[in-house]
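The task is simple: from the sequences and hints, build the whole structure.
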Amino acid sequence: MIAARPALRPVVTGVGVIAPSGIGTEEHWRSTLRGELRVKPITSFDASRYTTTLAGQIDGFDPAGRLGGRLVLQTDRWTWLGMAATELALSDASYDPAAHDPYATSVVFAAGSGGNDFGQREIQRLWSLGRQAVSVYQSIAWFYAATTGQTSIRHGLKGPSAVVVTDAAGGLDSLAQARRTIRRGTPAVLAGAAEAGLTPYALTCQITGGRLSTSSEPKAGYKPFDRSAGGHVPAEGGVTLVVEDPASAAARGAPKIYAEIAGYAATHDAAHHRDPSPDPRWYAEAMRRALVDADLSPADVDVIFADGAGSRDLDDLEARAIHLAFGAHAEHVPVTAPQGLIGRMCAGGSALAAANALLSIRDGVIPAVGNLDDPLPQYRLDLVREPRETPVRVAMVNARGYGGFNSSLILRAVETPARGDS
Amino acid sequence: MRRTAITGIGVVAPGGTGSKEFWHLLTDGRTATRRLSFFDPSQFRSQVAAECDFDPAAAGLTPQEIARNDRFIQFALVAATEAVTDSGLELGGDADPADPDQPLVAVSMGSAVGATTRLEDEYVIASNSGRDWLVDPSYASSFLYHALVPSCLATEVAYRFAAHGPAHVVSTGCTSGIDAVGYGHQLIVDGEADIVIAGASDAPLSPISIACFDAIRATSARNDDPEHASRPFDATRDGFVMGEGSAVLVLEELAHARARGAHVYCEVTGYAARSNAFHMTGLKADGLDMAVAISDALRQGHTDPARIDYVNAHGSGTKQNDRHETAAFKKALGQHAYTVPVSSIKSMVGHSLGAIGAIEVAACALAIENRVVPPTANWARPDPECDLDYVPNIARDHDVTVALSVGSGFGGFQSAIVLDRGSDAR
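Which chain is which? The protein sequence lines are A and B, in order.
Position 383 of the first sequence, counted from 1, bears residue number 383 in the numbering used here, the numbering being contiguous throughout.
Position 366 of the second sequence, counted from 1, bears residue number 366 in the numbering used here, the numbering being contiguous throughout.
Read the hints as simulated data drawn from the structure, not as lab findings.
Don't take every hint at face value.
What the hints assert, rightly or not - Chain A regions said to be covered by chain B (calculated; three or more residues, Cβ under 8 angstroms): (1) 16 to 29; (2) 62 to 72; (3) 316 to 326.
What the hints assert, rightly or not - Here are the simulated distance ranges between beta carbons: (4) 21/B x 60/A: 50 to 60 angstroms; (5) 98/B x 380/A: 44 to 54 angstroms; (6) 121/B x 292/A: 44 to 54 angstroms.
Idealized CB from N, CA, C, for every residue including glycine.
Take a look at the structure:
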């Protein structure tokens, strides 16, 4: 048996972000630190008949310019977002897959709702025009593995690839599967997630989940940890991270190491088909186990990037989970959730939270909770109200998925770039 | 070194619900393919399918479980219940995270297309048969979010068995099932779980699924002879026959299984995946990347290729797949490829997309258990490019100690898993 190397801590060497907050990582980060609210009325279709009319959308995104017209014809918007983010991440990492053995790189993305726009269009054509009208690309555009498969083909990546689905926790779980893959000997993995659910049918489906905001006022749309929290708005976007074995990153002279994946754990509430348990102990347990995995204690954590669901009951559960996991330290750890500015991108949202944590470590600044005006004091948390300049060495990123998924990831600064780990 | 045992098996497949019915079908060499009956298939190029005669209420599901879940989740709940019962484990009830003696129970379930059927059915209503792009939300059923994101499969299984460890759905197209079992094995080896409820489910038999494979002519059009339409490795094969179903396995850390005196069907000793990075649907004839995956899976368990007693092929029955795969076996196993029995159960139960990989792992475990190799049904005319021993039409008594199962899927995914009866001496 080729033993996995349990002590190996993969490092993140590249970040690519395409989100309502910006096309490109730096644009996203500047907008996030400035606290710019990007939630707006839906423009991709007339949403007036739906109870949710707000979303975080990406304006000015030119998929054909970034990926070529042929690929764009064959794929859905979520694949465009994921693949365009991948181009940015590879460039940021100065990682050229063609310069390496084809088996040395894997793609491990999380998926959410798949190819909504493509799928709705082709079902529409089948039922209104008949089977001859269905695109030859439907079979490869709609399914949840489309973005991973297309990315593997575009960049010639033959390593063990994966697609994990855990609703909004997926971005973190893709990083966990990337870690397992690297520990088994693949030097580099593209991880992350994309989501594009702003079509009439996908929106209708999301509304039935019971957690979307019904406000038509952008400022009231998604307010994590606020007294007036009333659900979230959906958002679209793609986030890719380049994750590497630290020794291979050093050997190729990777220009930067954002941080190492120091710890991870996941639990499931297993309490209800839709709702989390009213007792947050399993969420807390994910955080506690992630700390054990990282060989760290609560006092070591410099910031928590929270799930920030934006509903009073879920925010309350999250605050209680943090208190359970952190004990006396809970009130002293800065907690943030900048996604209040843009909405929730399903699995892409937790990948974005990981990207935000990496940028915080890089720049020594914690972004504020997005769109927070009136934090509920009963949470007894240090909710970050303005960008806070402070050294960040250890960041915990938490995410929850519909139905009871809990994931916790710990990212830690690396002192000397590309510290070897045999 | 932590090792993975299979201690429970549950199956819902065309031809019968339950692993016993499933095994009887395979060893009788019967086929469960027929003319599509769920809807009028006459407009489609391919009108054949392997359908499950499945009654969720009779299978023990509650009215609410049936109401909120697409058929693919219903299958999985029934298969998982059979597997957990078979394992003898008592799962469920209140669990305390602080109890160090409590085994960590994880869920790793695969699905290629999730709740496609329910999403399409509901879309037809909300869009008024595709007339309205702006679907009418007042016609939306309450459980559409439960259909939109397929992670609900893992949630429903975790909820039923109070599994509080890591849970996920794996969705790598047609290798989802083999990959879900493979990731479950990794969770046990790495100490992330002691028990994993692992398997896969798909129920893709809806008009849009038939239409999208019609469009690329991947499915069989042998509409005048549905019982013999799935013909892996036969010279007259003309595409796969879409199926549906689920299989769930209880994976358990070997020492944990032994300590409670559980029946161990076999061990998982290796799992590997590679991508061909070539084409979303096309395969190169050389079988290279599948061969690399096979070799890696064998290496993990220090398994000499000559020890393989049975190869469960992907064997979808498309022209290109069966050629590709035959080449892969020759590359990875050398001369042994010509003597080892190779068969495709898709000849009997069809191709249930993401589910079939788990169903095939179940078949391999049952082959080891019962010392019988299932046949490739409908094999009549040899193809010069497919020149291995495909166990034509009749099951064969054969002492299987080591079995290899492989999968290949859209997106270029190639996966391999090795099962071994195991022994303490090894």
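Violating hint indices (sorted, rising): 1, 2, 3, 5
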